[in-house]
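Listed below are the residues making up each chain.
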Amino acid sequence: ETGVTQTPRHLVMGMTNKKSLKCEQHLGHNAMYWYKQSAKKPLELMFVYSLEERVENNSVPSRFSPECPNSSHLFLHLHTLQPEDSALYLCASSQALGGGGGNTIYFGEGSWLTVV
Amino acid sequence: GESVGLHLPTLSVQEGDNSIINCAYSNSASDYFIWYKQESGKGPQFIIDIRSNMDKRQGQRVTVLLNKTVKHLSLQIAATQPGDSAVYFCAENLRTGGFKTIFGAGTRLFVKA
Chain A
1 ETGVTQTPRH LVMGMTNKKS LKCEQHLGHN AMYWYKQSAK KPLELMFVYS
51 LEERVENNSV PSRFSPECPN SSHLFLHLHT LQPEDSALYL CASSQALGGG
101 GGNTIYFGEG SWLTVV
Chain B
1 GESVGLHLPT LSVQEGDNSI INCAYSNSAS DYFIWYKQES GKGPQFIIDI
51 RSNMDKRQGQ RVTVLLNKTV KHLSLQIAAT QPGDSAVYFC AENLRTGGFK
101 TIFGAGTRLF VKA
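Chains as they are written, first to last, in my numbering: chain A, 1 to 116; chain B, 1 to 113.
Hints may contain errors.
DSSO-like mimics (lysine-lysine), calculated; alpha carbons at most 30 Å apart, straight line [what the hints assert, rightly or not]:
| no. | chain 1 | residue 1 | chain 2 | residue 2 |
| --- | --- | --- | --- | --- |
| 1 | B | Lys56 | B | Lys112 |
| 2 | B | Lys71 | A | Lys18 |
| 3 | A | Lys41 | B | Lys42 |
| 4 | A | Lys19 | B | Lys68 |
| 5 | B | Lys56 | A | Lys18 |
| 6 | B | Lys71 | A | Lys19 |
| 7 | A | Lys41 | B | Lys68 |
| 8 | B | Lys112 | A | Lys18 |
In case anyone wonders, no lab produced these hints; they're calculated from the structure.
Computed from a predicted model, the values in this text were never measured in an experiment.
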């Protein structure tokens, strides 16, 4: 239990579906992140939120739409995805922006997404 | 450029031996270097970090060494146990142009009983 909870753990969706991934952190952190993890690829940072404001969008296609209604919750809305978007989507949080030195980034267990 | 890479994709060690996982980085503008462990079906878990002005830091059964001259980072695990079997990622935290933590590709550690 890392204090970062992601639902659903597994999701299969068609290319025309709309679905959402949910993340909740119970650590009182101010920064939240979405990462994508594909087979044989490094973790890719997608979005960063600090105090509910998006501070980074790493050239992510618009079919991925993040939402941060408060500092404890983060959503990733999915629409018209492609099969190559199938991956593990990891949510993470930290006390403040950055990693290391007291701002350790804590990850959730991830949501396995399969696009068919 | 900005890149963090690993020398070996897999490492196999005998239980009880010491493990050394290596990582090369290319960016000098990092304030922290971090090691994560990811077990099958789980998210990455923080192991240890080291500030860029340090050469060595020790934790419980783990030691991280930083050689800034050759831009090399290593994680040493003492008395490797079966529970250490996982993928290990190094990461660097950049402080230029805003926040960015870059992860390496990962090394899979197999521990043989």
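For each hint given before, does the structure comply? Return the numbers of the non-compliant ones in rising order.
2, 4, 5, 6, 8
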